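Modelling step: build the complete structure from the supplied sequences, incorporating the hints.
For what it's worth, our numbering labels the leading residue of the sequence shown as 1, then goes sequentially.
What the hints contain is simulated information worked out from the structure, not anything from laboratory work.
Predicted model, so just to flag it, every value in this text is computed and none were measured.
Among the clues, some could well be false.
[Stated by the list, open to error] Each pair of labels, with its calculated beta carbon distance range:
1. GLN174 <-> ALA134: 37 to 43 Å
2. GLN174 <-> ARG90: 19 to 25 Å
3. GLY80 <-> ALA49: 25 to 31 Å
4. PRO50 <-> ALA85: 25 to 31 Å
[Said to hold, decoys possible] Listed below are the simulated DMTMM-like cross-link pairs for lysine to aspartate or glutamate, each with C-alpha atoms no more than 25 Å apart in a straight line:
5. LYS191 <-> ASP172
6. LYS53 <-> ASP126
7. LYS53 <-> ASP117
8. LYS216 <-> GLU164
9. LYS51 <-> ASP103
10. LYS191 <-> ASP41
11. LYS51 <-> GLU104
12. LYS53 <-> ASP103
13. LYS4 <-> ASP89
14. LYS191 <-> ASP84
15. LYS191 <-> ASP234
16. LYS191 <-> ASP88
17. LYS4 <-> ASP41
18. LYS4 <-> ASP88
19. LYS51 <-> ASP88
20. LYS4 <-> GLU32
21. LYS4 <-> GLU38
22. LYS53 <-> GLU104
23. LYS4 <-> ASP103
24. LYS216 <-> GLU182
25. LYS216 <-> ASP183
26. LYS191 <-> ASP126
27. LYS191 <-> GLU32
28. LYS4 <-> GLU60
29. LYS53 <-> GLU38
30. LYS51 <-> ASP67
31. LYS51 <-> ASP41
32. LYS53 <-> GLU30
33. LYS53 <-> GLU36
For every residue, glycine included, the Cβ atom is placed at its ideal position computed from N, Cα and C.
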Amino acid sequence: MPIKLHAFGEAWGLADASPFCLKLMSFLRECEIAYEVEPFDFRRSFRRAPKGKIPYIEDENGTLIGDSSLIIARLSQRRGINLDAPLDDRQRGIALAMRRMMDEHLYWIGVYARWIDEPGFSITRDTLFASVPASLRWLIAIPARRRVRRALHQHGVGRHQRDEIYALGAADLQALSRLLGEDVFFFGLDKPSLVDLWAHAFLAEIIIPPLESPLKQTALGMNNLVGHCQRIQDRLYSRQG
1 MPIKLHAFGE
11 AWGLADASPF
21 CLKLMSFLRE
31 CEIAYEVEPF
41 DFRRSFRRAP
51 KGKIPYIEDE
61 NGTLIGDSSL
71 IIARLSQRRG
81 INLDAPLDDR
91 QRGIALAMRR
101 MMDEHLYWIG
111 VYARWIDEPG
121 FSITRDTLFA
131 SVPASLRWLI
141 AIPARRRVRR
151 ALHQHGVGRH
161 QRDEIYALGA
171 ADLQALSRLL
181 GEDVFFFGLD
191 KPSLVDLWAH
201 AFLAEIIIPP
211 LESPLKQTAL
221 GMNNLVGHCQ
231 RIQDRLYSRQ
241 G
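Laid out in C-alpha cells, this is it:
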C-alpha cells in the first residue's frame, strides 16, 4: 500500500511548488518508496495536517506524520534506510549544518523573492491561485502576502533591506558552491546523500521557476550548483510520476 503524500502540487515544471515537499518526494523516489500524491485542498489539507503545515503523509497504518525532515527520519528508521551511511562523523555534522541553513535561512530568501519582491509576487499569485477567477485573485493573494510578510519579519529576514536580503541569500549559495566544489555529489560521493536531496530541492525552486530575482541570477552564475541541481532532476524526475 503506497504512502499518501499531502503536498501542494506541480508548478513551473517542478513536482511541487514547495522545497519541503520536493525534498520529501526526492527521498521517496531515491529510496524507491511507493507513494501517491493526494490532491491539495486548501481547507481540508491544512485541517488534517498534524503540525498545521504541508507536507505530511499518511503511512501504511493510516498514521499522519508531519514535517518533511521528521518524516524522512521516521521512514529511514522504520525501513532501515541510511542515505548518510558513507559519511564520517565530521561530514555528518557538516551535512546537518548545511541542511539547517537551507531549511531555516535560504528558504526565507526564496520566500521573499516569490511573495514580496516583484515580479516574483505577480507570477506566484497567478500560478498558485490560477483556479481563482482573475477578478477575485487579489482578494485571496493580498491577505496571503500579508501573512508571509509578517512571517518574514518574525523570522528576521524581513527586517532587512532588499539588497541586504539578497546578499544573505548569495552568501548561502556561495557556501553550498564551495562545499560542493567540483564533486558530482557533496563529499565526493557517487550517489546522493540527504544533503544532496536538500540542495536540489532548494536550488530547483530558485532556478527553474520563471521568477527573475538577484537570488536566481546568483544561483545561475554558480555552474557547479546548476549542474548538481540538473543531475538530481535527471536522476529522479526525468519522468514525472
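Hint check, failures only: Numbers 10, 13, 18, 19 and 26, in rising order.
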